[in-house]
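So the protein lines, in turn, are chains A and B. Residue numbers for the first sequence follow our numbering, beginning at 1 and rising by one. Residue numbers for the second sequence follow our numbering, beginning at 1 and rising by one.
In case anyone wonders, no lab produced these hints; they're calculated from the structure. Note that the structure is predicted; figures quoted are calculated from it, not measured. There's no promise every hint is true.
Cβ-Cβ distance ranges computed for the label pairs, FRET-style [claimed, not checked]:
no.: 1; chain 1: B; residue 1: 139; chain 2: A; residue 2: 138; range: 44 to 50 Å
no.: 2; chain 1: B; residue 1: 17; chain 2: A; residue 2: 192; range: 27 to 33 Å
no.: 3; chain 1: A; residue 1: 116; chain 2: B; residue 2: 69; range: 25 to 31 Å
no.: 4; chain 1: A; residue 1: 268; chain 2: B; residue 2: 170; range: 20 to 26 Å
no.: 5; chain 1: B; residue 1: 62; chain 2: A; residue 2: 189; range: 41 to 47 Å
no.: 6; chain 1: B; residue 1: 332; chain 2: A; residue 2: 6; range: 34 to 40 Å
no.: 7; chain 1: B; residue 1: 34; chain 2: A; residue 2: 31; range: 54 to 60 Å
no.: 8; chain 1: B; residue 1: 69; chain 2: A; residue 2: 165; range: 47 to 53 Å
no.: 9; chain 1: B; residue 1: 406; chain 2: A; residue 2: 254; range: 41 to 47 Å
Here are some chain B residues pointing at chain A (derived, C-beta under 10 Å) [said to hold, decoys possible]:
no.: 10; residue: 62
no.: 11; residue: 63
no.: 12; residue: 66
no.: 13; residue: 67
no.: 14; residue: 174
no.: 15; residue: 187
no.: 16; residue: 285
no.: 17; residue: 291
no.: 18; residue: 303
no.: 19; residue: 345
no.: 20; residue: 396
no.: 21; residue: 398
A virtual CB, placed ideally from N, CA and C, is assigned to each residue, including glycine.
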Amino acid sequence: MSRLNATFARLRSEGRQGLVSYIVAGDPSPSGTVELLHQLVVAGADVLEVGVPFSDPMAEGAVIQKGHERALANGMSLQGVLDIVAAFRQADQQTPIIMMGYANPIERFGYEAFAAAGAEAGVDGLITVDLPPEEVDAIDAALKAVELDNIFLISPTTPASRIQTIVERARGFIYCIAVKGVTGSGQLDATEVARNVALIRSKTALPVAVGFGIKDADSARAVAAVADAVVVGSALIDAMVRVAEQEPVASEHQRHAAATALLKSIREGMDSSPS
Amino acid sequence: MTIDITPELFASVPDAHGRFGPFGGKFVAETLMSALSDLEALYARLKDDAAFQREFDADLAHYVGRPSPLYEASRLSDAIGGGRIYLKREDLNHTGAHKINNTIGQALLAKHMGKRRVIAETGAGQHGVATATVAARLGLECHVFMGEEDIRRQSLNVYRMKLLGAEVVPVTSGSRTLKDAMNEALRDWVTNVDDTFYIIGTVAGPHPYPMLVRDFQSVIGREARVQSLAQAGKLPAGLVACVGGGSNAIGLFHPFLQDAEVAMYGVEAGGKGLETGAHAAPLSMGSPGVLHGNRTYLMQDDDGQILDTHSVSAGLDYPGVGPEHAWLKDIGRVNYVAANDEEALAAFHRLTRVEGIMPALETAHAMAYAERLAADMSPDEHIIVNLSGRGDKDILTVAAIEGIEV
Ligand SMILES: Cc1ncc(COP(=O)(O)O)c(C=O)c1O
Numbered sequence: 001m002s003r004l005n006a007t008f009a010r011l012r013s014e015g016r017q018g019l020v021s022y023i024v025a026g027d028p029s030p031s032g033t034v035e036l037l038h039q040l041v042v043a044g045a046d047v048l049e050v051g052v053p054f055s056d057p058m059a060e061g062a063v064i065q066k067g068h069e070r071a072l073a074n075g076m077s078l079q080g081v082l083d084i085v086a087a088f089r090q091a092d093q094q095t096p097i098i099m100m101g102y103a104n105p106i107e108r109f110g111y112e113a114f115a116a117a118g119a120e121a122g123v124d125g126l127i128t129v130d131l132p133p134e135e136v137d138a139i140d141a142a143l144k145a146v147e148l149d150n151i152f153l154i155s156p157t158t159p160a161s162r163i164q165t166i167v168e169r170a171r172g173f174i175y176c177i178a179v180k181g182v183t184g185s186g187q188l189d190a191t192e193v194a195r196n197v198a199l200i201r202s203k204t205a206l207p208v209a210v211g212f213g214i215k216d217a218d219s220a221r222a223v224a225a226v227a228d229a230v231v232v233g234s235a236l237i238d239a240m241v242r243v244a245e246q247e248p249v250a251s252e253h254q255r256h257a258a259a260t261a262l263l264k265s266i267r268e269g270m271d272s273s274p275s
Numbered sequence: 001m002t003i004d005i006t007p008e009l010f011a012s013v014p015d016a017h018g019r020f021g022p023f024g025g026k027f028v029a030e031t032l033m034s035a036l037s038d039l040e041a042l043y044a045r046l047k048d049d050a051a052f053q054r055e056f057d058a059d060l061a062h063y064v065g066r067p068s069p070l071y072e073a074s075r076l077s078d079a080i081g082g083g084r085i086y087l088k089r090e091d092l093n094h095t096g097a098h099k100i101n102n103t104i105g106q107a108l109l110a111k112h113m114g115k116r117r118v119i120a121e122t123g124a125g126q127h128g129v130a131t132a133t134v135a136a137r138l139g140l141e142c143h144v145f146m147g148e149e150d151i152r153r154q155s156l157n158v159y160r161m162k163l164l165g166a167e168v169v170p171v172t173s174g175s176r177t178l179k180d181a182m183n184e185a186l187r188d189w190v191t192n193v194d195d196t197f198y199i200i201g202t203v204a205g206p207h208p209y210p211m212l213v214r215d216f217q218s219v220i221g222r223e224a225r226v227q228s229l230a231q232a233g234k235l236p237a238g239l240v241a242c243v244g245g246g247s248n249a250i251g252l253f254h255p256f257l258q259d260a261e262v263a264m265y266g267v268e269a270g271g272k273g274l275e276t277g278a279h280a281a282p283l284s285m286g287s288p289g290v291l292h293g294n295r296t297y298l299m300q301d302d303d304g305q306i307l308d309t310h311s312v313s314a315g316l317d318y319p320g321v322g323p324e325h326a327w328l329k330d331i332g333r334v335n336y337v338a339a340n341d342e343e344a345l346a347a348f349h350r351l352t353r354v355e356g357i358m359p360a361l362e363t364a365h366a367m368a369y370a371e372r373l374a375a376d377m378s379p380d381e382h383i384i385v386n387l388s389g390r391g392d393k394d395i396l397t398v399a400a401i402e403g404i405e406v
């Protein structure tokens, strides 16, 4: 069984919702990313989402955009991200890792070359923000050949007929976008999320993770009530940036601690009943 | 690429997926897909709708001032001593550039969709001004995204947009130029997709934009074709246009594509020289990739990151290019060449002094190449240059380069 399927099966048998953490590889530093990923697992992440930095991340809000800029300034590349995953795998064989990025760096690397290298490094799935189903055939074939899951986004604007098309192609899980907007934006509307998740569930048995706009324990708990997993990204990166702003000499260890503390509080919020 | 160049070929693109051969497509986040489908469906319905076309044509005639003249630049042609140079005077349009042809068309689409707000990206500010203008006329809220660097070098256009009631939003990410303005406009659109129409300013972006912008701009070439036959008694030997995203170029070229005897030259920004890397010439020097919703030629590094560009003209300072141009390059129908900053500045001065026509710095790139081309032609041949815009917006830039305080 794939790591993703095993993880969602375990969560289901435990009656718990999963927590997916997103950080950008190479931010705050390339040398610290592997350690940060391990720390996120300790803090409660069930699935790790690793952002592949791109010069033009057009679906990201300001917080994650700046993370991409810092990572690129630190010299991070697609090969660098694969190396980070491989290094992480030496100590952790269980936790699934999803790469999330944009088409161009992957296209440049070559779809088949990327799929082979990803499988070799221990990647489990890929989200390519700007490859909707209409443009996905070539990479889909390459990923399938090495049993990597291609993970699709479904947005509040996706019509029901399109949801059907998407779930038929999807593997691993469905990533349901909570708000119309870029990452880190907006106030999520729990009722609307619930309606959208229900619509998706009526068409597929795949697990549904909800992301965009989840900032803290409260918003995570609201979403966990209807979803199989909750994705947190901008809030983690923001927590690391704030430490550095308040204390310019903050060590990388302190920054990591800020992210893991937030993730831990979100995990606890999800596991406790509403106050 | 081995492809038979037939008249039918040019009518066959884009295909149903918005592709021009391997280029084009719809590479956007899922949130935008249904907005693009709606736009595609609306445009498919209105494209051949007589009432819509009448409305568009009437606006072009009475608001923009079309047809724009085809002017024989006699003194310039005599001075060069080769082929005759004709200028398609898009600079005489309302707001001073070809950009208004497209914003009139897209504003009509926005109106049909009942959107109350329009957004645009802009580099030189000409598309921003043209968008702010149609928004004022229709009473629509208007936000224009513009890189900080461009706000500085096109300050006159920034003030024009404000006078027209638009909000100019400074973009501080990346290289702070056109590419980043487009990222930011796409982010705004994702967020406000219900009530907002995105008026893209060139033949780039996801399908159906490259197609509909081409269709709206093709009025340039249709007029030029008729005018050339009437005034010169034949089709031109060549067409020349500058290429930023490629809208003024495709507008001129498209109605001539099936005329095999008409050679075509798209002029990219050579910046400090193609050999220096500091330029904005993806067709001349780049490689295929995916950016801003389509597959096309891009300036990128080995890791697929988009490179910073350089051009003296803000409107050409873009690392990508419309997908139809990428295809026209690969099938060999259009020649893509470059003129550098220095050559463009020299051409700017020459046209101003010899003909009393001050071109935009973007347009000056086309003029620079046209002079070279005409020099090697005989006087019984002629070429048409798309004089895409007037240069008033650039006088502060030119003055600064020459160390003059205005
Ligand atoms: C006068 C003028 N010409 C040309 C361009 C370049 O755009 P395109 O290649 O789409 O015609 C611009 C863009 O701002 C412009 O203002």
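Against the structure, the hints:
1. B:139 / A:138: 44 to 50 Å: holds, 45 Å
2. B:17 / A:192: 27 to 33 Å: holds, 31 Å
3. A:116 / B:69: 25 to 31 Å: 59 Å Cβ-Cβ, so the 25 to 31 Å window is violated.
4. A:268 / B:170: 20 to 26 Å: violated, 41 Å
5. B:62 / A:189: 41 to 47 Å: holds, 46 Å
6. B:332 / A:6: 34 to 40 Å: violated, 53 Å
7. B:34 / A:31: 54 to 60 Å: violated, 42 Å
8. B:69 / A:165: 47 to 53 Å: holds, 51 Å
9. B:406 / A:254: 41 to 47 Å: Given a distance of about 52 Å, which is not inside 41 to 47 Å, the answer is violated.
10. 62: violated, 37 Å
11. 63: violated, 33 Å
12. 66: Since the shortest Cβ distance to chain A is 35 Å, the answer is violated.
13. 67: Cβ of residue 67 of chain B sits 38 Å from chain A, so the hint is violated.
14. 174: holds, 7 Å
15. 187: holds, 5 Å
16. 285: violated, 16 Å
17. 291: Residue 291 of chain B check passes; min Cβ-Cβ to chain A is 6 Å, inside 10 Å.
18. 303: holds, 4 Å
19. 345: Residue 345 of chain B check fails; min Cβ-Cβ to chain A is 29 Å, beyond 10 Å.
20. 396: violated, 29 Å
21. 398: violated, 31 Å
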